[in-house]
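Peer 1: Take the given structure of chain P and dock chains D, L, W, X, Z, E and Y to it, following the hints.
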Amino acid sequence: MSIEIKVNGETRQVEPGVSVAALLAQLGIEPRHLAVEHNGEFIGEDEFAAATLSAGDRLEIVRFVGGG
Amino acid sequence: MSIEIKVNGETRQVEPGVSVAALLAQLGIEPRHLAVEHNGEFIGEDEFAAATLSAGDRLEIVRFVGGG
Amino acid sequence: MSIEIKVNGETRQVEPGVSVAALLAQLGIEPRHLAVEHNGEFIGEDEFAAATLSAGDRLEIVRFVGGG
Amino acid sequence: MSIEIKVNGETRQVEPGVSVAALLAQLGIEPRHLAVEHNGEFIGEDEFAAATLSAGDRLEIVRFVGGG
Amino acid sequence: MKPLIIADTPFRSRLFIGTGKFPSPQSMAAAVEASGSELVTVALRRVDLKSPEDPMLAALDFSRYRLLPNTSGARDAEEAVRLAKFARAATRTPWLKLEVTPDPYYLLPDPIETLKAAEELVKLGFIVLPYINADPVLAKRLEDVGCATVMPLAAPIGSNRGLKTRDLIEIIIEQATVPVVVDAGLGMPSHAAEAIELGADAVLVNTAIAIAEDPVAMARAFKLAVEAAELARDAGPGGESKLAQASSPLTGFLREE
Amino acid sequence: MKPLIIADTPFRSRLFIGTGKFPSPQSMAAAVEASGSELVTVALRRVDLKSPEDPMLAALDFSRYRLLPNTSGARDAEEAVRLAKFARAATRTPWLKLEVTPDPYYLLPDPIETLKAAEELVKLGFIVLPYINADPVLAKRLEDVGCATVMPLAAPIGSNRGLKTRDLIEIIIEQATVPVVVDAGLGMPSHAAEAIELGADAVLVNTAIAIAEDPVAMARAFKLAVEAAELARDAGPGGESKLAQASSPLTGFLREE
Amino acid sequence: MKPLIIADTPFRSRLFIGTGKFPSPQSMAAAVEASGSELVTVALRRVDLKSPEDPMLAALDFSRYRLLPNTSGARDAEEAVRLAKFARAATRTPWLKLEVTPDPYYLLPDPIETLKAAEELVKLGFIVLPYINADPVLAKRLEDVGCATVMPLAAPIGSNRGLKTRDLIEIIIEQATVPVVVDAGLGMPSHAAEAIELGADAVLVNTAIAIAEDPVAMARAFKLAVEAAELARDAGPGGESKLAQASSPLTGFLREE
Amino acid sequence: MKPLIIADTPFRSRLFIGTGKFPSPQSMAAAVEASGSELVTVALRRVDLKSPEDPMLAALDFSRYRLLPNTSGARDAEEAVRLAKFARAATRTPWLKLEVTPDPYYLLPDPIETLKAAEELVKLGFIVLPYINADPVLAKRLEDVGCATVMPLAAPIGSNRGLKTRDLIEIIIEQATVPVVVDAGLGMPSHAAEAIELGADAVLVNTAIAIAEDPVAMARAFKLAVEAAELARDAGPGGESKLAQASSPLTGFLREE
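Residue numbers (this note's numbering), protein chains in the order written: chain P, 166 to 233; chain D, 166 to 233; chain L, 166 to 233; chain W, 166 to 233; chain X, 799 to 1055; chain Z, 799 to 1055; chain E, 799 to 1055; chain Y, 799 to 1055.
Pulled out of the complex, with its shape left as it was, chain P reads as follows:
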């Protein structure tokens, strides 16, 4: 059984209780140059392991890229 969350505007199915760190790993996202907002709150890299996801959570995973 999985729960539904929103990641970067897309609906995703994840296991309940999964941590942000684990999700990033599953998604193949290196935790580098990232800013992560969990339900509207920024969380630091050191919080990724402790932050767990519940049904309906919203996650924004943002990275800096080339720009002018």
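For the record, the hints were derived by calculation from the structure and aren't laboratory data. Do not rely on the hints blindly, as some may be mistaken.
Computed cross-link-like contacts, DSSO-like style, restricted to lysine-lysine with a CA-CA straight-line distance of at most 27 angstroms [claimed, not checked]:
(1) E:Lys938 with X:Lys914
(2) Z:Lys938 with Z:Lys800
(3) E:Lys883 with E:Lys848
(4) E:Lys938 with E:Lys921
(5) E:Lys938 with Z:Lys1040
(6) X:Lys1040 with Y:Lys914
(7) X:Lys921 with X:Lys938
(8) X:Lys938 with E:Lys848
(9) P:Lys171 with E:Lys848
(10) Z:Lys938 with Y:Lys914
(11) X:Lys1040 with D:Lys171
(12) Z:Lys938 with Z:Lys921
(13) X:Lys938 with X:Lys914
Peer 2: What follows is chains D, L, W, X, Z, E and Y alone, placed relative to chain P:
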């Protein structure tokens, strides 16, 4: 005995109870192209005769002039 | 029997002794706004009738046209 | 007794038979970066000693200087 | 060009004229007449109690021109709104040239205060024509709050320098849905013509006319130039080319090719 | 501006017009009429024997305009002189626009051949108006050999690019003792106005008018712009300034200073 | 020129560089290196879940450059502030290039939203470098709310058109008490040099370098041009004149005067 | 850019420098050194008999630079040819900057006399680099008689006004088969860069460097600007656009589209 009012930022002595119309006449100001503000309220030409001045009143007499 | 002349750079056969006036008529050229050079000499409109053409003659017939 | 010559447009008195080399020395002109025209003919540095001046001679002594 | 209509009022002339700085009331009135303008700006000032008569505008026949009072002197939105109210009381028209110019050296407009004042004035029923920098985004925002036109500057007021903001005014024109009136800095008829040719709907000129030795002749000159540019736009101009395009025929040369 | 007089002939209009490239004889005649021009350029070409009628100029009333035949097509002085003789024979006027343009891409004039031809043509009694690059020294030399005007280019013929040679034309105007006619490249009325405002005595326009969708309207537009600029020069324009110059009064603000 | 110091941080190089649009991470890193820039802009974007690796910045040694994240994509103050927070979280710097560009065609900045966001961001501890139109009054207001620089545009982003806003940027420079960084539209080294010669404190270039066939060479070209202009300003340039000023001596000619 | 070769002589530096008007021999020599120039102009003048020493060039190491004597002061071809002969005798080089400038106010070149002198000087074995107006046809004719370059002016000598003849120089560059050296009027490094970016093969600068407060720094500034422009041309610049071209990605915005 006279009262003190402010006209266009300057202090003036006038007789108590004088009307705006009378004051304009005394000052030599034709009531044409004018806007008059009496204690922060605009008064129309037709009100100049009825509007009387009390001590401490503020009057702004403004005219349109050449401008770009 | 005809003779060969050059008109505006093109070779033309004409009857011997034909006048410039007659040639212009044959070619359908109104004698208006024209400059005619016969063997390197300008000839005026009043000379068109008298000027006759011989074998090898060169004729330039020039007109003014729209230009900037 | 001296002769009169023209040097750079000015009239000068010099001793008869004086050489260009000697004149340059008298005038305090180092024979460097110079072009000398004697009566309309250029003479090279190696000819300065041999070239002698006669009355009425014209000499142009030109040097290159700063310019754009 | 499509007819010039501002706030449902049609204008035949695309030249608006200011009334400041003329050498005499007569020259001003005659210049306004010569300009063919139907919209005439005026300023609001306190009556000078020591010299209460201001003859400058006396010569003007107000029945023939629509007045456009300005808020010159206002340094922020609040002062502008107050001046606007005086303007409406004195001129009895809701039309208003909104100017908010905190800087005394270049008299350049403040975009923030201008938008703020415009928003309030539109709500108060004014017909607002704001003087602005050549700022396409600000122009859109002023449109959005209900301004009747936008009036971007060509160059600082009274500088006579011409269309120094050409590239940005071109964008404003492209994007605007209200008339674009180029205001300030147009110093010669060719400048006004250039603005209209570029697509501006109208121009507003004061200093160039008022300080000319012969203001009446200069007013007429601007009138003709604006008409010329309007005609030219409607005439469907050919484009520019890099190479020459012969104006005489390329055939019939007197030589054997 | 002092009256425009070329070879003792006064001109009221400072706009000269070319007759090439119009879509029809009627539009050409009407545009010439609308331009108000008194001097009209034409080209000389061999009659095409296969199609001897050239109706283009038929609609023009030659009694009303002074013709200015050109030597377009000439690549050197010799060809220009020969063309000039044809021109005089055909048009019965000694007036001549001297063009010597060896380069077919930009149709730019050859200074050497132009001077050589001008010198000869003046001796032959022609009234020579030479088309030249914006070259002040060449302009003086052409004056010195007796040319009636100089006609420096604004930009390549027919390019409609405007007064790209402004700095050098300004020097020509300053130094010339004959009229300066800016020729070639003026694409819009504002360009023509700019040239006259700068001090040019006249402008010559062809392509911009002829290729407009409505040549008659464009001719009128140029007429008005040239008149505007002439008026403006005579009106004594005020100069440019860096700082703003307020157009509304700087006293009487509604605040305590 | 006085040393360039932004928010107490000195910069030796007056060229800032953007990292968008390069053909490869390697060319980007090499171009940044070649530019000599010490301040490098980046954008913030959602990680693409289908392709989570973004190698573009991988080649850059972040220890050598100060990052300047931008808020590109923000259409109003709220979006800009949110992006700014992500930027700070991701880059761990409070430095921020504030961009609020509601219009997708010209990407011109919104003065109102920019000021609003700037005010809030300054309060939140950001070091704010706002991208603005060439608007001197807005520039002053941004200074007043605590921005570290102002960054007026030369021309629309990526247009490579050069210093089209010269007259207004000149006024901004004259009045500013914070560094003026000309941003957007500088397409060639001469454009960058012109901005610095005019008195700008720095320039920011991205497109012109990134889309050149050889970005590394172009980066170096801009570096040299900016250094040239800085040197020239410090060298005390002579002014312009209308007449010629002979560069060779005016005496000693080979003729009798 | 293809290597710069004039009369079979390759030049690494595209900056040529004049030696007039420097405040001291030392500053001149140091500026020439700093410019990196390999070609240095000098003038020819009568030795002043009252003050025969001219120390100005004494500080220059002639073994390191190719001299380019000019014919400044010549008012016609005859004077120019005579000066050229003096130049060759004094400098022992056949290289010659041909200047024929009859007008003392703007020092503009005479096209007729320049061509006449060029033709004769080429026959006499000189390597002729003529100073000319921006006249494409004259440039071709000078090429045809064997000139080694053409040197069109940007603006009057010493005026520091920049590339005022841009449109015509562009045509000269397009058509020339000999190197094009932009000479005269380049006042700031950005002007020199603009000329090279446009496609000029080299520039010649004197006044801008010599009259700067710090000529050595200004020489270096021009050197860097010319190198920048050369690099930029070789880097394959992207073109200009009217609309903006985003420099940050157009995907991955933090909003639901």
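Peer 1: Decide, hint by hint, whether the structure agrees.
Peer 2: Against the structure, the hints:
At roughly 17 angstroms between alpha-carbon atoms, Lys938 of chain E and Lys914 of chain X fall within 27 angstroms of each other, so this suggested pair holds. Distance check on the hinted pair: Lys938 of chain Z and Lys800 of chain Z sit about 20 angstroms apart at the alpha-carbon level, within 27 angstroms; holds. Taking the CA atoms of Lys883 of chain E and Lys848 of chain E, the gap is near 25 angstroms; set against the 27 angstroms cutoff, the hint holds. For a cut-off of 27 angstroms, the pair hint linking Lys938 of chain E to Lys921 of chain E stands: about 18 angstroms separates their Cα positions.
The hinted pair formed by Lys938 of chain E and Lys1040 of chain Z meets the criterion: a straight-line CA distance of about 19 angstroms does not exceed 27 angstroms. Taking the CA atoms of Lys1040 of chain X and Lys914 of chain Y, the gap is near 31 angstroms; set against the 27 angstroms cutoff, the hint is violated. The suggested pairing of Lys921 of chain X with Lys938 of chain X holds, with an alpha-carbon distance near 18 angstroms, which does not exceed 27 angstroms. About 38 angstroms separates the Cα atoms of Lys938 of chain X and Lys848 of chain E, which puts this hinted pair outside 27 angstroms; it is violated.
Annotation: proposed proximity of Lys171 of chain P to Lys848 of chain E holds, straight-line Cα distance about 15 angstroms (limit 27 angstroms). Among the hinted pairs, Lys938 of chain Z with Lys914 of chain Y is consistent with the structure: their alpha-carbon atoms are about 17 angstroms apart, no more than 27 angstroms. Between Lys1040 of chain X and Lys171 of chain D the alpha-carbon distance is near 68 angstroms, which puts this suggested pair outside the 27 angstroms criterion. Pair hint Lys938 of chain Z plus Lys921 of chain Z holds up; C-alpha atoms about 18 angstroms apart against a cutoff of 27 angstroms.
For the proposed pair Lys938 of chain X and Lys914 of chain X, the alpha carbon gap of about 14 angstroms is at most 27 angstroms, so the pair holds.
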